[in-house]
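Novice: Sequence:
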Amino acid sequence: MTTTTPDMAPVRLYGAEHAADPERSYELLRAQGPVALAEAAPGFVVHLVTDYRAALDLLHDTETWSKDTRPWQSRVPESSSISQPTQWRPNVIFADGENHAHLRRVITDCFGLLDPHEVRTLTFRHADTLLSAFADAGTVDLVAQYATQLPLMVFNSLFGMPDEYGPRLVEMLAAMVGSDPARAGEGAQAFGAYLAGLYETKAAQRGDDLTSWFIDHPNGLDREEATQQILLTLGAGNEPTANLIANTCVRMLSDDRYFGTLTTGSLPVQHAIDDALWNDSPVANYSFHTARRDVTFHGTRIPAGAPVMISYAAANTCPHQGVPADGFRSGNKAHLAFAAGPHACPARDLALLIATAAIERLATYLPDITLAVPVEELTYKEGTIHRTLTALPARFTPLAPDADGATPWSRSSADRGSAGSPRTAPQTGAMASAP
Numbered sequence: 001m002t003t004t005t006p007d008m009a010p011v012r013l014y015g016a017e018h019a020a021d022p023e024r025s026y027e028l029l030r031a032q033g034p035v036a037l038a039e040a041a042p043g044f045v046v047h048l049v050t051d052y053r054a055a056l057d058l059l060h061d062t063e064t065w066s067k068d069t070r071p072w073q074s075r076v077p078e079s080s081s082i083s084q085p086t087q088w089r090p091n092v093i094f095a096d097g098e099n100h101a102h103l104r105r106v107i108t109d110c111f112g113l114l115d116p117h118e119v120r121t122l123t124f125r126h127a128d129t130l131l132s133a134f135a136d137a138g139t140v141d142l143v144a145q146y147a148t149q150l151p152l153m154v155f156n157s158l159f160g161m162p163d164e165y166g167p168r169l170v171e172m173l174a175a176m177v178g179s180d181p182a183r184a185g186e187g188a189q190a191f192g193a194y195l196a197g198l199y200e201t202k203a204a205q206r207g208d209d210l211t212s213w214f215i216d217h218p219n220g221l222d223r224e225e226a227t228q229q230i231l232l233t234l235g236a237g238n239e240p241t242a243n244l245i246a247n248t249c250v251r252m253l254s255d256d257r258y259f260g261t262l263t264t265g266s267l268p269v270q271h272a273i274d275d276a277l278w279n280d281s282p283v284a285n286y287s288f289h290t291a292r293r294d295v296t297f298h299g300t301r302i303p304a305g306a307p308v309m310i311s312y313a314a315a316n317t318c319p320h321q322g323v324p325a326d327g328f329r330s331g332n333k334a335h336l337a338f339a340a341g342p343h344a345c346p347a348r349d350l351a352l353l354i355a356t357a358a359i360e361r362l363a364t365y366l367p368d369i370t371l372a373v374p375v376e377e378l379t380y381k382e383g384t385i386h387r388t389l390t391a392l393p394a395r396f397t398p399l400a401p402d403a404d405g406a407t408p409w410s411r412s413s414a415d416r417g418s419a420g421s422p423r424t425a426p427q428t429g430a431m432a433s434a435p
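The letter at position 364 of the sequence shown is residue 364 when you use the UniProt record's numbering, and the numbering goes up by one with no holes.
Think of the hints as simulated: they come from the structure by calculation, not from any bench.
Any given hint could turn out to be false.
As the list claims (entries may be wrong) - So the derived label-pair ranges between C-beta atoms look like this:
#1 R183 with A16: 18 to 28 angstroms
#2 T139 with P303: 21 to 31 angstroms
#3 K381 with P71: 26 to 36 angstroms
Ideal Cβ placement from N, Cα and C applies to all residues, glycine included.
When you get a sec, could you build the whole thing from the sequences and use the hints?
Specialist: Listed below in structure tokens is the structure:
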């Protein structure tokens, strides 16, 4: 077995080369062993776990590993894309032990109060708003015009804010992650004002929403704790869900197993989502940990205080016994896209529900949608943590607004069908919908 040594060259997890072919990076990392040296940001080297079994061992071992990033935070370049995602905050991601359990229970209990049917209906409603904005154009960038916006619009409603704040929230976060420092500052300021206004509104008058439930939870979160959990949900929940929607759409529009008509019996949306979670994890590399003491872990000596990172993407695609030759694992939920153990993503079910509803709505009303470019020409943003498409151009038969309001759109009055029913799908080249 090969183990990492100080003289090994770290493999970059950022830059154009990694974005274009991340699997090559993971192959180079696996050559070092289950734990490898990776450069997560310019000059910032971490121990990266690329092996599936090793990842599970680490994620379940809270005695050896801490989620507190403060011991090595000063090493992270402030200008890097991982500076903000690794910055310690008083939220559930960076908490350990009883404090982690205290904060996590608030999130899981409050998410458990959500009615799945209502969330699904809410997602459909916001999806219709977005779809109606481009349905008559015949072309769309499914990243910028759909996947990136929809989760935030849904989260905005779930936390109890009026619909008009949804697009504003999209603009704020887009500015914060952009390359313009001045605009990023403005976005951060606006987002801070949004969070303050949200808390103050619900503290003054409760509603049937997540913010009110966070405030009233028996664990008694103070204002800072409640606001930090809201910030976490909006920040950590949005981009992975958007990436999941987009990455699944790629499969729905390019893979023969999903690409078909509404009546061909093609594989359903959930299979495509599972496929995307296994092979194109929305969060590629994250789950930062700190070694509590000097430890030898799967053959690698890791000193106390050293940063350790999990590669969900590499672990999911590393060799597995019993995996079919084509790598297709429909129905298999053992992927690490949502991490595992005590720190497994508490919003997993919510993210899957939103993503599934988003894709079903798209497939129902635009069943003849196809990619506007060959799948090989799709590109991804440079970045260590997320696997994010730069764009997903698609085309379809333009639709006209339905004046009667029975459905969002219709091809013509003769083609509309009965009130409230989606129109009939074309018989060739259509995107498979859910059963």
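Novice: Does the Cβ-Cβ separation between R183 and A16 fall within 18 to 28 angstroms?
Specialist: holds (23 angstroms)
Novice: So the hint says 21 to 31 angstroms: do the beta-carbon atoms of T139 and P303 match that?
Specialist: Because 53 angstroms falls outside the window, the suggested range is violated.
Novice: With 26 to 36 angstroms as the target window, see if K381 and P71 comply at their CB atoms.
Specialist: Distance hint for K381, P71 holds at roughly 29 angstroms.
Violated hint: 2 only; the structure is consistent with all others.
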